[in-house]
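Participant: Quick mapping for you: the protein sequence lines, in order, are chains S and C. Read left to right, the first sequence gives residues 208 to 693 (our numbering). Read left to right, the second sequence gives residues 3 to 1113 (our numbering).
One or more of the hints may lead you astray.
Below 20 Å or equal to it, Euclidean Cα-Cα: the simulated SDA-like pairs (lysine to any residue) are [stated by the list, open to error]:
1. C/Lys-893 / S/Pro-671
2. S/Lys-228 / C/Tyr-656
3. S/Lys-228 / C/Leu-556
4. C/Lys-777 / S/Gly-287
5. S/Lys-564 / C/Asn-258
6. C/Lys-1040 / C/Ala-960
7. S/Lys-228 / C/Gln-555
8. C/Lys-739 / C/Val-830
9. S/Lys-685 / C/Val-921
10. S/Lys-245 / C/Pro-736
11. C/Lys-345 / C/Pro-356
12. C/Lys-1001 / C/Glu-1039
13. S/Lys-668 / C/Ile-902
14. C/Lys-390 / C/Tyr-257
15. S/Lys-685 / C/Asp-834
16. S/Lys-622 / S/Gly-434
17. S/Lys-564 / C/Gln-543
18. S/Lys-308 / C/Ser-786
19. C/Lys-410 / C/Glu-380
20. S/Lys-228 / C/Ser-631
21. C/Lys-893 / S/Gly-287
22. C/Lys-874 / C/Asp-849
23. C/Lys-632 / S/Glu-231
24. S/Lys-668 / C/Lys-892
25. C/Lys-410 / C/Asp-488
26. S/Lys-564 / C/Thr-619
27. S/Lys-564 / C/Gln-348
28. C/Lys-390 / C/Asn-258
29. C/Lys-777 / S/Pro-671
30. S/Lys-228 / C/Pro-664
31. C/Lys-777 / C/Pro-736
32. C/Lys-874 / C/Val-921
33. C/Lys-319 / S/Leu-505
34. C/Lys-892 / S/Leu-665
35. S/Lys-308 / C/His-366
36. C/Lys-839 / S/Leu-686
37. S/Lys-228 / C/Pro-736
38. C/Lys-251 / C/Gln-437
What the hints contain is simulated information worked out from the structure, not anything from laboratory work.
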Amino acid sequence: MQKKIFWTLSLFLVLTTGCKKILEVTPQSSITEEIYFKSEGDFEPYVTGIYTFMRSFANNITYGTERSEELVAALNSRFGVAWTHIITPSSGSINYNDWYKAIGHCNLLLAKIENFPFSSEDIRKRIIAETYALRAYFYFSLVRIIGDAPLMLEAITDENVPLLPRSPAAAVMTQINLDIEAALDNFRAMSNFSVTSYPSRYRFAYASTQALKADARLWKAKVLGGGASDFNDAITAINEVELSGRSLNADFKNVITMRASANPETILAAFYLRDETGANYGLNALPYLTGVQGALNLDSLAYAQTTINGQGAYQVSPKSKALFTSATDKRIPFTWVTERQASGPKISWITKLPGTKYADDRVSDNDIIIYRLADIFLMKAEAYAGLDNTVAAIEYLDKVRVRANTGAYAGATDKVSVEKEILNERGRELFFENKRWYDLVRFHKGGTIDVYTYVPNLIGKTTPLFWPLNTTVLANNKLLAQTAGY
Amino acid sequence: MKKRYSFLKLISSLITAAFLFTPFLAMAQVRTITGHVVDSTGASIERVSVKVRGTSTGTATSADGSFAISISSASAVLVFSNIGYQTQELRPGDQNDLSITLVHVNETLSDVVVIGYTSQSKLKTTAAISKLNPDEMRNTSNPSPVQALQGKIAGVSVPVTAGQPGGGAVNIIIRGGTKPNVYGSGLGNNGGTSYGASDGSSPLVVVDGVFRALADINPDDIESMQVMKDAASTAIYGARGANGVIVVKTKGGKYNSKMSVTLNHRTTWETQARDYNYVDAEQYLRLADPIDKNNLLNNGGFSAGTRIYTAKGQYGKNINLTALYDNIVAVEGQAYVDGLIAKGWQVMDDPINPGTRLLYADNHYQDMLWNTGVSQNENLSIDGGSDKANYNVAFGYTNQKGVFVGTKYKRYDALANFGFKASENFRLDVNLSYQNIIPNYVDAYQNDLVRAIRVTPLIRTFKDDGNPMPGELYTVRNRFHTLKYDDMRTSTERMVARVAGDWTIIKGLHFKPSFSYLWNDYRETFFRKATPADEVQPSTQRQKTDYTSNSRQLMIDQVLQYDFNLNTLHHFTLLGGVNYTRNTGNIASLGSQRGTNDYIYTINEPTTTVINGVVMTNVTNFGTSFSESKSASSFGQVNYDYDARYLFSGTLRYDGFSNFAPENKYAIFPSASAGWNISQEHFWHSRVVNALKLRGSWGSAGLSDLSITDTYGGYSVTTYALGSGILRANLSNPALKWESTETTDLAFDAGFFNNRVTLTVDFYDKLTKNRLASKPLPSESPFSSITFNNGILRNRGIEVELGATVLKIGDFAWRSNFSFAYNKTVMVDLPDNGRAKNRQGGDLVYDPSSKQLVEAGGFAEGERPYSLYAYKVLGVFSTDAEAAAWNATKKDNLASPQGIILGKRAGDYIFDDINNDGVIDTKDQVFMGYRTPTIIGGMQNTFSYKRLSMRVTLDYAAGHLISNGALARSLGQGRAFNEGAPSEALGSDIWQKAGDVDKKYARFSFADFDFGQRNYLRSATLGVNNGYGSDVSTMIEKGDFIALREISIAYDLPLPILRKIHSTSLNVFASVYNVGYLTKYKGLNPETYTGFDPGGYPRPRQFSIGATAKF
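Could you build all of it, start to finish, from the sequences and the hints given here?
Facilitator: Here it is in structure tokens:
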């Protein structure tokens, strides 16, 4: 009997005391913090991953397009309140957490790579350069949407998140410029550095970082009152871009539909391909078959079979169409096609992003161009015009006009007229490329137009140029002030 | 006494003997009476004591319920008694063959209940444990025992919100659960679930000692089911007990019983219980608003609009049935049109363009979608036993067909329970169970049930060639197209094996080891055949998927138990043990598209295809994963009672779980409880209150539902420009601790009039501390939230269970059980975040009383979660002039962009500008109430008369609001195309023409969301905020309901008939399940707890008949 009890209790004890070890589990199908960033091979996939944020911001037309004059409704409605300009803290305000997610990834990568030795210093420098360029791109996107923005530069790893107030837009711009310079320095410091080197047209390289720099300097010059030195910096940056071997497509058709990887004009694009990404914002502009049934020119419309692939929500606005004053403008058929019904002309469908026709249906999966040479030429024209060098400005304006077959600029050569023409040219050349609202803000601040009379939906309103923060953002950080004007 | 009995026995023996020897004395002869004892469902009851009143003559029924007893007097009274049943007396008179039905007594204080790893008589327990009356599991119309639980136990909420065959509950919610979102929120679109998200808060289910799911267990196999609600009973389950525990025991054989074969068959007819009455095609065509007509009807490809056909055959495969009569005659010829008219097509004058004739047809889609589903349920069991072994082997087959065409639930199950007395002191129990579940449910609830079933009557469902049309889009797809081209097969095979021993080491000392292993293999395969090239194509063609998820659970328990008494009055049970559970899983997911033919069901495509010169991948899904978690625990339990009067119990459990960081892996869960059986005291002499027990308990149980990445952080894989990327997916929190739920329970159990009435009342207070939930972070963080020990949630309430034999007159008896529970959930504490009440989430609304903006919604200290806000409707503009006056001073920022430009017109809602700033926006949201019920309960009544019995069950819930999303979305149609209109669109409550006043509903309009005023489809940030709900006050109603859940009648056939078929008992029954609701709610489903009722698949009404025969 005693023996029985003894054996039972022994068995019991053995089972009881084994507890500590038996609870150890090694995850087989998930990556945890304990194992990541322990090898130099972990950094390259990380920076690749961050580009998915660049893609999603490039695809977000709420902030870059909807407030401009470019679009009016077609068959469906997919506009948010931005289009109506009825933006209030309770309607159409922004939660910018996605931007800080993207910035947070950059901050983490920069913190982890800081003291991490690499077998190839070039790879390390390139990763650092790209990460700085990405962070600059994200802050530049944010500063154009909300103006003053908190500057989060620290890598957050737990629930202790420092509460930051909004830094003035000028301070954010200073940080953007520091990041751009850091990126450029790292690119230049690579042993195989070359201005013409574009390892991928879908990622930041030296010249595309210069393009970002030019863009940022133009914003600083006009919106933040930077003035001549910023225009000059923009021109210097563009000179570098011009040295990088890009050229305009002879045929405007190829500008969008030729994939960025092979496109001579593309400097930086966000990668889109149906199987990887699905459709981009062009989805809302493509008509669907039942919506265009009976059109006499159905064959020339880029339509989708179903509303899954074409929402038929936007068409080109009369105001944007009116910019195309020259009938010989080769860009028109690649900008819109007017649907003709037996009863007469109907909707002017946007053809800028026609997508790809697959066996089952058309899918709007063209690459989204972030910078292309024609855009850069027009930026340079704008910088020269800002410096009152309208001769040089017209020279660059004409580079774009010649390709469009609209002939050399023959209008007045005073600064205001040339600047107005540059804005109109951007409206024609870059229609539906998700740039227009920022262009309007720049030219509004630069005194070329009054955006409050220029954009039809803004007439009679006083909606500020920058977006308000939503209640979630404000509630979670007491140091934040609402955007001025709300 | 003993002496006297012996004396009496002697006398009676003598008298008996005397009678035997004097057969001529016919008036006082001894005769043998035989009979058969069954319960109210016709199941034989064994070991029922049968005694002659006032004598010592007695016997017990055998396994088949039969007995034989000698009586010596025609006036003798037989007394039938058995634990768990009401004692019954019967004077046989001159009958020699009796049939007796015993009525279950619910909650008798002599029941035995399971407490953790041992069992106890209910008299001695100090815990809040409710036992389900086994009758509730008999002859159920549903294949799952989950439905049978509904409304039966106080404080247990079983929200079965949809009627898909085999569908279960979101959670089984005991005392409000331990999480805020236990009833689910949003709208689901995969896995057949009707809700989008929910917090897992279901109790631990222990079936024959194995942790597993309740849903797919055959109710016919269940012998007993009990629910443990307080910490005194759940703390012993430690880590898993916080949400309560349900213990299920399946039927086993009995030692020393004859073999018995039981056959059961049930047939159930399911019919659609509630649905909207949609207007027909002609009425629909007349609804078109002339103002919207050009934009929506002609241009938008709307089903009421027309296009010009130019070639033969176009119309016969076009999506819309509406066409211009003259056009079709011109293109297709008069004969074709005449043929259509012969098939039911109609012609009418176009209400918008008078003088033009429309050709159209009504698709009668609703009539085709909803049918009577006929279900079969068969059960066979064989049980019995010798003195060394017993057995029960059971087989079940269920084939339930739903009311929605093509939905069904099929299950094959088998159960084998064996008991062996291996030696004098060692008993072995072996349990094997197998289930194969093959459901055919609708996977995408939102698209396929909520949206696709409500298309207009003018959508073509079949082409001229007889093949189904796909519908406008695959997201609102014609059901018959799905049934023709898609082949989805899902199957779950589950097998459980358990071996348990009970070694009696010395008297009272038991060593009880057990091992169990659970296999669960889920497989889902799908093949979509090629669809005709001239119709809308799916995004992936000839898609095939093959998804397998295999999981395994190993459980080892070792328990040592010692029962002993000290000088007969002190009773002790000491118990200690360990448990080790390991769960592993692996998932393989494969998918391909662009198959080459329609014959091969499995994946055998090349991995790539070249399209337009680009190599495209045919692989759509491709991945495998492993998962593993482990828990290890040790526990101890002490039960002590003094003479069954003073009761004490304590448990301690030390629990470890692999997904916490090393320093936080283990936690201790204690409990203590005490009880006082006042009625056992010598001084207690009440005849009214024959039993009274006071009891109280306190304890803590845990929850560990966190993933390893919550603790250690996770990185996930992404793709950019065809390259692999990896990004941090969440913040780690190695400081995470166990969530624990502390429950205090105070209660009394009372029996009145010799237990004719029983009453149990429990008060509880449950604090869930260190809630494992996500905590919002400032928006400047890399992630919007982090998994955190996020504050304290309280559930506090009262539960009442009342049982009574209401009437007993002769052979007639009415037995009733009533349950009531009130629960209030409050967020008690949240981490400091600098906001008032440390609110998480929420928005700003204007508070008219304090005349300022205040924070509301989300979670906040002192507030009940899941409030519901909406925009308040003041009325409907009667005329355009009234609307214009409003437009002059106010603006509705929540209308569509085009609608804002247009402004209000007659028939639009007048929304209340709460803060009077001239703008309708989110600041104007007003508080309406809450989404989840506070009061739940039910009532079960059994009426019996001789061989006939009837059961009526009710259940109820109150305190929840429902936004009638289905009605809102069909009155204010979202898109420029296509949703059927309900009869309300032409009813008397809706604005239809200028001058209509005091109407409840704003005008019916097409594309209300896209182009209109968003009268119906506007989202409030603090409302349900879902496109299938409506945050407009007129669409929100109270959901309080009483459901007449079941009426059933059962009859036991008398013995003479049974003898002819060599049966020992035969019971037949008929029932109606989900009979109807008593509710003011006008929509489809008052059992909606997500705050909105999107429509979809409401619970069907079920008519069942069946029989159980024993041999």
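Participant: Confirm or reject each hint.
Facilitator: Against the structure, the hints come out as follows:
| no. | hint | verdict |
| --- | --- | --- |
| 1 | C/Lys-893 / S/Pro-671 | holds (19 Å) |
| 2 | S/Lys-228 / C/Tyr-656 | holds (15 Å) |
| 3 | S/Lys-228 / C/Leu-556 | holds (17 Å) |
| 4 | C/Lys-777 / S/Gly-287 | violated (29 Å) |
| 5 | S/Lys-564 / C/Asn-258 | violated (77 Å) |
| 6 | C/Lys-1040 / C/Ala-960 | holds (8 Å) |
| 7 | S/Lys-228 / C/Gln-555 | holds (19 Å) |
| 8 | C/Lys-739 / C/Val-830 | holds (19 Å) |
| 9 | S/Lys-685 / C/Val-921 | violated (26 Å) |
| 10 | S/Lys-245 / C/Pro-736 | holds (19 Å) |
| 11 | C/Lys-345 / C/Pro-356 | violated (25 Å) |
| 12 | C/Lys-1001 / C/Glu-1039 | holds (16 Å) |
| 13 | S/Lys-668 / C/Ile-902 | holds (14 Å) |
| 14 | C/Lys-390 / C/Tyr-257 | holds (7 Å) |
| 15 | S/Lys-685 / C/Asp-834 | holds (13 Å) |
| 16 | S/Lys-622 / S/Gly-434 | holds (15 Å) |
| 17 | S/Lys-564 / C/Gln-543 | holds (15 Å) |
| 18 | S/Lys-308 / C/Ser-786 | holds (8 Å) |
| 19 | C/Lys-410 / C/Glu-380 | holds (16 Å) |
| 20 | S/Lys-228 / C/Ser-631 | holds (13 Å) |
| 21 | C/Lys-893 / S/Gly-287 | holds (17 Å) |
| 22 | C/Lys-874 / C/Asp-849 | holds (14 Å) |
| 23 | C/Lys-632 / S/Glu-231 | holds (8 Å) |
| 24 | S/Lys-668 / C/Lys-892 | holds (15 Å) |
| 25 | C/Lys-410 / C/Asp-488 | holds (15 Å) |
| 26 | S/Lys-564 / C/Thr-619 | holds (16 Å) |
| 27 | S/Lys-564 / C/Gln-348 | violated (39 Å) |
| 28 | C/Lys-390 / C/Asn-258 | holds (8 Å) |
| 29 | C/Lys-777 / S/Pro-671 | violated (33 Å) |
| 30 | S/Lys-228 / C/Pro-664 | holds (10 Å) |
| 31 | C/Lys-777 / C/Pro-736 | holds (15 Å) |
| 32 | C/Lys-874 / C/Val-921 | holds (14 Å) |
| 33 | C/Lys-319 / S/Leu-505 | holds (19 Å) |
| 34 | C/Lys-892 / S/Leu-665 | holds (18 Å) |
| 35 | S/Lys-308 / C/His-366 | violated (51 Å) |
| 36 | C/Lys-839 / S/Leu-686 | holds (18 Å) |
| 37 | S/Lys-228 / C/Pro-736 | holds (18 Å) |
| 38 | C/Lys-251 / C/Gln-437 | holds (16 Å) |
Of the numbered hints listed earlier, those contradicted by the structure are 4, 5, 9, 11, 27, 29 and 35.
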